[in-house]
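**Student:** Got chain A; can you put chain B on it based on the hints?
Chains as they are written, first to last, in this note's numbering: chain A, 1 to 357; chain B, 358 to 748.
If you are wondering where the hints come from, they were derived from the structure by calculation, not from laboratory data. Even for Gly, the Cβ is constructed at its ideal location relative to N, Cα and C. Some hints could be false.
If you anchor each label on the Cβ, the simulated ranges turn out as follows [to be verified]: (1) 192/A <-> 634/B: 51 to 59 Å; (2) 477/B <-> 200/A: 34 to 42 Å; (3) 307/A <-> 644/B: 25 to 33 Å; (4) 206/A <-> 651/B: 27 to 35 Å; (5) 307/A <-> 468/B: 56 to 64 Å; (6) 188/A <-> 617/B: 53 to 61 Å; (7) 212/A <-> 501/B: 46 to 54 Å; (8) 465/B <-> 271/A: 54 to 62 Å; (9) 186/A <-> 548/B: 55 to 63 Å.
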Amino acid sequence: MRVLAAMSGGVDSAVAAARAVDAGHDVTGVHLALARNPQTYRTGARGCCTLEDSRDARRAADVIGIPFYVWDMADRFHADVVDDFVAEYAAGRTPNPCLRCNEKIKFAAVLDRAVALGFDAVVTGHHARLGPDGLLRRSVDVAKDQSYVLAVLTREQLDRSIFPLGDSTKAQVRAEAARRGLAVADKPDSHDICFIADGDTRGFLAQRLGEQPGAVVDATTGAVVGSHSGAYAYTVGQRRGLHLDRPAPDGRPRYVLSITPKTNTVTVGPAEALEVSRVRGERPVWTGGPRPDGPVECEVQLRAHGDVVPATVVIDGDALHAELRRPVRGVAAGQAIVAYRPDPAGDVVLGSATITA
Amino acid sequence: MAYLDHAATTPMLDEALEAYVATAREVGNASSLHAAGRRARRRVEESRERVAAVLGARPSEVIFTGGGTESDNLAVKGIFWARRAAGGDRRRVVSSAVEHHAVLDAVDWLGQHEGAEVGWLPVDAAGRLAPDALRAELAEHGDRVALVTAMWANNEVGTVQPVSELAAVAAEYGVPFHTDAIQAVGQVPVDFAASGVAALTVTGHKLGGPVGVGALLLGRDVPTTPLLHGGGQERDVRSGTLDTAGIVAFAVAVETAVKGQQEYAARIAALRDDLVERVRHAVPEAIYNGDPVDRLPGNAHFSFPGCEGDALLLLLDARGIACSTGSACSAGVAQPSHVLLAMGADDDRARSSLRFTLGHTSTREDVDALVAALPGAVERARRAAAYRTPR
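Just chain A, same shape as in the assembly (with noise of 0.2 Å):
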């Protein structure tokens, strides 16, 4: 097959690109300028999107011996992942921004643009499985395992993707790099959100959305216990920079509950409140098997690296619902819920949708 390797200069894509000639592919690289300006963008060893991240991206390319290629895709970036990400915490929510640039740059701009090129598919180095049944899984390195900001992808885009990685840990995906000479081998993994240089969300958020003072509340009570200068810089489940003016009258620590951008209120509580039991998407997509007309018994994640809770889903037109076995603490909307199906040769995608509630 004709295949594009998406290399951002790290050592999980240039493996994986290696990996796709070993398998007998014709490989191209392509790095993606996705910052319109490389410098305000991470840099270094811990960023994906640098001149620096670039150069390692090219210099793999070399080592490997494929052509290699930077595309622009840094306005469809800002708009598709960069601006939803504000937009979306500006409605109150939590986006995972890794999901959406999965879900609206890598696995469709750019697989859309590559088959229109005439290639056959896209090759990434993400830790994840998709063997010839076309079923998505997770790694074998559970620690590192991606199958979570994948499993927004579509059957049609699964079916162009190539994860050559799933089945290999991170330390052997290391060690393999340093066997190739590629100097990639020990760059650090990049960590948090590439487009925010500094790590600090709320003082980008703030940047965009300005300050907006508000009112923290107290759930149990009504009471105005606080103030902040933004509620979009909240996140539900979050108990640490509160600055509560007064304890709650039991002294035990107080969550944000929820949100609400109309009003920009606050709202806090004690942890028990947080409790979730049942979650409702929307916009779910099923990979796992023919779209089910009936509940499923599956295994639910709730958010990146979060535990998985065993649940009943239903698939409603455009709904997910989910009634967990045991309630959860600290669901956020915004971010994604995936079922899987536990599976001895890898916990298999069943589907996903973004939780609204």
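**Tutor:** Relative to the frame of chain A, chain B by itself:
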């Protein structure tokens, strides 16, 4: 492989390569006083004379440099500084909107860091400068102009400028005129003295010499402040141990290219005309950019409406055809060409362009390969363009 990117760099001529290797085996710093040094010095001075002879300059007007970018920077900044230092509030720099970045960015830098004011001369739809526009500029600002710099021939669209006329206008106002002739030497007749310019940039690797060596032809009466301070090897205008082997090979290449220019231009222009005709036949909607007549013989530059140049480049590259989008890159990301924009093209047309440049090793087979691959590539690139960011 069909190499259609000779304007980026062209293969070294055998005679230049042999001269390089033979000279590089010899020890000797041209500034040393002993026999080995004298031998190196002789090689350098012979080379200086050869370059001067074929380019219509005196040997003392040849300043060897580390290539085109250095020569351009030396001329633009060096003449600006010297003229400003001479008094009279001469701090205006006049340049054209279609210069190579080695001039463009040097001029910009003077504006941002040295208090220069810049007058940009416009070009017409063919990329040509008008001497009248320069005359109007100098009539208005002449007494404050430090220098005029305008290229001899454009590296992207191949348009050849009326350099002698422009230089004559500058001379009327007593303003030194620099020209970047990197793309011109060996392609069109270039005579330093006859052109009337004060300074002229030439580089080796565009005409069959090595990369990293070039010259600034600089009139004796043109005060120039050095960029590089040190041993003062080149007329005290340029310092650094002379690259004897590089200079020898450069001189061989310049001499060969200039002496063979007429024959070369006739052969390559015919091949280019064939390429242009067949590309137009294969892709009828292609737009041929640049001046159709006053043009470098090896240059063919097109816009392919509805396509993106970088997509076309990728597809042609996969078919073994090397060409260029002709535009500047930052981190490899294609920016719309400032040359096309200055010629009045819109953003889409500027981004849809590709440059094919022929050189001394080009053959009809190269053109055949391009014409065979192009229609399919254009069709694919057009489909792919739908998936780019809406602008």
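**Student:** Hints first: check each against the structure and report whether it holds.
**Tutor:** Checked hints:
1. 192/A <-> 634/B: 51 to 59 Å: holds, 56 Å
2. 477/B <-> 200/A: 34 to 42 Å: holds, 41 Å
3. 307/A <-> 644/B: 25 to 33 Å: Violated, at about 60 Å.
4. 206/A <-> 651/B: 27 to 35 Å: Hint violated: Cβ distance 57 Å, outside 27 to 35 Å.
5. 307/A <-> 468/B: 56 to 64 Å: With a Cβ separation near 59 Å, residue 307/A and residue 468/B satisfy 56 to 64 Å, so the hint holds.
6. 188/A <-> 617/B: 53 to 61 Å: holds, 55 Å
7. 212/A <-> 501/B: 46 to 54 Å: holds, 52 Å
8. 465/B <-> 271/A: 54 to 62 Å: Holds - the Cβ-Cβ distance for residue 465/B and residue 271/A, about 59 Å, lies within 54 to 62 Å.
9. 186/A <-> 548/B: 55 to 63 Å: Between residue 186/A and residue 548/B, where Cβ atoms are some 58 Å apart, the hint holds.
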